[in-house]
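J.: Use these hints to put chains B and C onto chain A, whose structure you have.
Line by line, the protein sequences are chains A, B and C. Quick note: the first sequence uses the working numbering, first residue 46, plus one each step. Quick note: the second sequence uses the working numbering, first residue 140, plus one each step. Quick note: the third sequence uses the working numbering, first residue 463, plus one each step.
Among the clues, some could well be false.
Below, a sample of chain A positions facing chain B; criterion: calculated Cβ distance under 7 Å [to be verified]:
id: 1; residue: Gly151
id: 2; residue: Asp158
id: 3; residue: Ala163
id: 4; residue: His175
id: 5; residue: Leu197
id: 6; residue: Tyr290
Capping the alpha-carbon separation at 20 Å, the derived lysine to any residue pairs in SDA-like fashion look like this [stated by the list, open to error]:
id: 7; chain 1: A; residue 1: Lys161; chain 2: B; residue 2: Ser196
id: 8; chain 1: B; residue 1: Lys329; chain 2: A; residue 2: Pro287
id: 9; chain 1: B; residue 1: Lys329; chain 2: A; residue 2: Ala282
Computed footprint of chain A on chain B, listed as stretches where at least three residues anywhere in the stretch have a Cβ under 8 Å from a Cβ of chain A [unchecked claim]:
id: 10; segment: 181–194
id: 11; segment: 212–222
id: 12; segment: 270–280
id: 13; segment: 284–296
id: 14; segment: 320–332
id: 15; segment: 458–471
FYI, nobody ran anything at the bench for these hints, they're computed from the structure. All values derive from a computational prediction rather than experimental measurement. Beta carbons: idealized from backbone N, C-alpha and C, even for Gly.
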Amino acid sequence: MSNTSLTRRGAALAAALMSASLVLTACGSDGDGTGDKTAETRSVKADNGTIEIPVDPQRIVTIGNTNLPFIDLGGEPVGVTEVSASDLDVLPEKQRTAYEAAEIVGSNGGEVDLEKLAGLKPDLILVQFHSNDWDKVGKRLETIAPTLLWGLDTEWKAFADAIAEAGNVADALSRQKAEYEEKVAKIQETYGKIIDGTSFVDVSRGDWNDPGTFYIADIGCSEIARDDVGLDLPEAAEGKDPLAYESLPFEQIGGLSKYDVITYPVDAEGRPAEPFVPVVETNTWKALPAVSSGRALGVFCPGNNSYGPVIRYLDSLDSALATLPAKK
Amino acid sequence: MSTHIPRVDFGRRVLVLRHRRIAVRLLWRSVVVCAVLAVAVAVTAVLALMTGSYQLSPGQVLSALTGRETGIVHDVVVEWRLPRVAAALVFGAALGVSGAVFQSLLRNPLADPGVIGFSQGSYTGALIVILVVNGTYVQLVGGALLGGMATAVAVYVLAHRRGVQGFRLIIVGIGVSAMLGSLNTWLILKADLDQAMSAAAWGAGSLNGVSWDQVVIGGACIAVLLLPAGMLSRPMRQMELGDDAAASQGVRVSPARLGLIVVGVALTATVTAASGPIAFISLVAPQIGRRLAHTAGITLAPAAFVGALLCLVSDHLAQHVAPTPLPVGVITVVLGGGYLGYLLFTEVRRRP
Amino acid sequence: MTALAPRQDGPGTETVPGPRRRLVGLVVALVVLVVLLVLSVMIGSTAIAPSVVWDALFHSSTGIDRFAIRDFRLPRTIVGLVVGVALGLSGALIQALTRNPLADPGVLGVHAGASFAVTVAVGLLGVRDAQGYMWFAFAGTLIVTLLVLALGSTRQGSSPVVVVLAGVCAGAVLGGAREALQLTNPDAFDAMRYWNAGSIVGRPIEVVWPILPFFAVALILALAVSGPLNALALGDELAVAQGVRLVRTRVLAVIALTLLAGGATAIAGPIGFVGLMVPHVARWIVGPHQRWIFAYSILLAPSLLLVSDILGRVVMRPGEIPVGIVTAFVGAPVLVALVRRKKASGL
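Isolated chain A (complex conformation):
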């Protein structure tokens, strides 16, 4: 019973302090020992509005999909949410160290330990997760520190720009961007003749696919190959789910024979990616004209949400296209 009164009292208290607390937190964070730098701010635009953030943020926490792109730009977050083991495996050593040096503040399913996060005393929080996770904890994140949100549908280049601006790592970004442009131009120049008039298809298989199913990858790395490099790759009809959401049974592997060149996922060493091995082992795959004529190319895609992994993908695509036999 004593508890009910406690609750009521708390509710009244909360109502009374609701408006005051907003002002007070703003004052409070100033005095929290993060130094004078926080006093100077700049405005940054994100999905949750125009936010005032420190000019030179020192203690950044990344939540959801902002983790790896920020680290990729040379950022060193103080707190991160968990990254799956399969993503960690393909991470360059230095980035892995940066990830492991950070405190883990939650899983990637939107369950964030807010108190632990507050305990890290961040001066900037970068978030990309599902909008209903934001609806749950967004306000509270904003009371801890200036917070920038990007939705899951943010295009990766705009995302990299935004993260670089917010996290003060724009130098690294312009270096990566230049390298990226250069790689794309080189591929277009070197293989222009081969690419023209050749139909490509990118197929893949993930751990979540039922054994005996695969999918046509029209999102992820092949989106870059299609839209930036200019390969002729299939695309879902306007307004429809991506083709990749549809698991196709192996009996449809035969249908791939209508494409000139097939690309498929391989690991860093060039072996077929583990989930994709069952496809390579089928008789139908082996009988495909593209496969038997050496026009099935393994391409390594370590990620598609920031420039670093995309550059590694382009390198792999480059060396794969180099093995393509001349046109008949």
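T.: Quick look at chains B and C alone, frame taken from chain A:
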């Protein structure tokens, strides 16, 4: 095969064993048990307010509660921990009552609002909003309620054939739940990993990020619903003896049953709207309450207190047991299921 | 055969067909199954002409489609047949043993056990291939089924309600633990998404061979206990009076159903409803005669599974719907209709 029906009636046998002769003493015991439970709830609540990943001394917590702290300390205690504790308490109690209503109504210890498809239906609604419509949190709540209610109504209507018989309701509920369960699996299968995990975390039931708004609005709904639940508790107990017996004592069985179902579902719906479907409290709380209070049938008050305690303890564990916080529903399932298993085990040993 | 099937089934006795009608029904069921087996090879998510199918099966053809038939549709059909038989028979055994129409491998926490074991394998032990999961699923099923049935049995015998309660408990506890593992481990979550649906696509025929001996043993055991189970349906006392050895009957039935449910789940993942629904339908057709119920279940369950699988291949072309999802959608309305029948409401 008709010999099978009475065997499903697990709860009634106890009613026969314990006689009305000692009814007064039983009532006294109920009061004592409820009081003890209330103390346990209070102690757990204080503990939950004192502990968390953000290090605070008891003095700081106390001064925050009395309004003498500002900034992050105030936020952590008054805006984060307190509503979370309040939510666990109020929602847990509501789930306990909801389960008690269903178990008494269906004369079956397995019954809870999940039986008539509410949980699966609300999960389906939520999944559609998250994965297909990509909607906001408000839409998510709306979708979940709509899905849950629609399913409950569909199950009730499908089981209605010259009145609703408890056993038929259970079977229809299992069928429809299984169907929606596979639809949910299918939706998760067709989604992007980030979206799917976000949806699954909601589906497990979580109190992370519960705000005062949710507690106040949810609490008000629950308070309003507890009124008819209390008023219907007498006919409810009479109906436990059988429809005919209740009718002979002047209970209008059909309206009373419909009213109880509506109250039970609405209580669960309120909790689901605020925190997602927190599983198993509604199933276990009435059973534990009945055993602690040694009452003949299912009674509401002990179930409510047990529900509150179970939810509080589970949420506390959920925040501290794993390296990263878990949804509370994951813990309630394990704790509740484990306790019910233990009860079964001891029950079996005691039997001749 | 009828001598083993006593007709003292109490006041609720329905007018059940005589032995001849039952036999005719059985033949019809067999024909239906054969037709479905053929259709399952003919129909798929890609349209392949019947003549091509024929050539692929019986002649040496050269087209690329021959592999689609030989490597994918034929094994898939065989897997469907085997898994269907196992599911149907295990459902019939569980319902007879626990005398509970609610009993189903799913209700008894079997699927949760298998699912938990597979999650542990994926999330904690890093097992990545389907052949590897299979044994975890099998072991998980065996342990949980035995645990549930042990928890649910008294010194006198098992009480149907307690068994179901124990199943719900085990299912819930393991389900919760699995969820905790999955929500903290995205890789495990990802890999488990398809597994939870239940499907017979892409299981190479090689995964069936090691399970077959278990099924054969289970089938023999099931036939051996079908008579005693008949008597058991009347209650323990009456069964003892008829000379049934309770403990032996129960132990054998438990072994049989565990092997069947475990093997089926290991191969195909959790496919619900087949084990729940088919014995219901069988009992509705032939009345309370275990041996007939078993026979009908063995034929009807794979038919249901194959119909569902074929439906799943064609309704969402070019994609497919996993069979476990279709069985639920086919099964639930049938179950609801059955329960609404006045006669069947007492099942």
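J.: Work down the list of hints and note, for each, if the structure agrees.
T.: We went through each hint and held it up to the structure:
1. Because the closest C-beta pair between A:Gly151 and chain B is about 5 Å apart, less than 7 Å, the hint holds.
2. The interface hint given for A:Asp158 holds, since its Cβ lies 5 Å from the closest Cβ of chain B, which is under the 7 Å cut-off.
3. For A:Ala163, the interface hint holds, since its Cβ comes within 7 Å of a Cβ in chain B; the closest pair sits about 5 Å apart.
4. Interface restraint check: A:His175 against chain B, minimum CB-CB distance 4 Å, threshold 7 Å, status holds.
5. Contact between A:Leu197 and chain B, as hinted, is supported at the beta carbon level, the nearest pair being about 6 Å apart and thus within 7 Å.
6. A hinted interface residue such as A:Tyr290 counts as satisfied when its beta carbon comes closer than 7 Å to some beta carbon of chain B; here the least separation is about 5 Å, so the hint holds.
7. Taking the CA atoms of A:Lys161 and B:Ser196, the gap is about 15 Å. The hint holds against a cut of 20 Å.
8. Between the alpha carbons of B:Lys329 and A:Pro287 the distance comes to roughly 10 Å, so the proposed pair stays at or under 20 Å and holds.
9. Annotation: proposed proximity of B:Lys329 to A:Ala282 holds, straight-line Cα distance about 17 Å (limit 20 Å).
10. Counting residues of the segment 181–194 of chain B whose CB falls under 8 Å from any CB of chain A gives 6; the rule of at least 3 is met.
11. Evaluation of the coverage hint for the segment 212–222 of chain B: fulfilled, as 8 residues show C-beta separations to chain A shorter than 8 Å, against a requirement of three.
12. Check on the segment 270–280 of chain B: 6 of its residues sit with their Cβ under 8 Å from a Cβ of chain A, so the three-residue criterion for coverage holds.
13. Evaluation of the coverage hint for the segment 284–296 of chain B: breached, as 0 residues show C-beta separations to chain A shorter than 8 Å, against a requirement of three.
14. Taking a C-beta to C-beta cut-off of 8 Å, the segment 320–332 of chain B contributes 5 residues in contact with chain A, enough for the three needed, and the coverage statement holds.
15. Counting residues of the segment 458–471 of chain B whose C-beta sits closer than 8 Å to any C-beta of chain A gives 6, which meets the bar of three, so the coverage hint holds.
When each numbered hint is compared with the structure, a violation occurs for hint 13 only.
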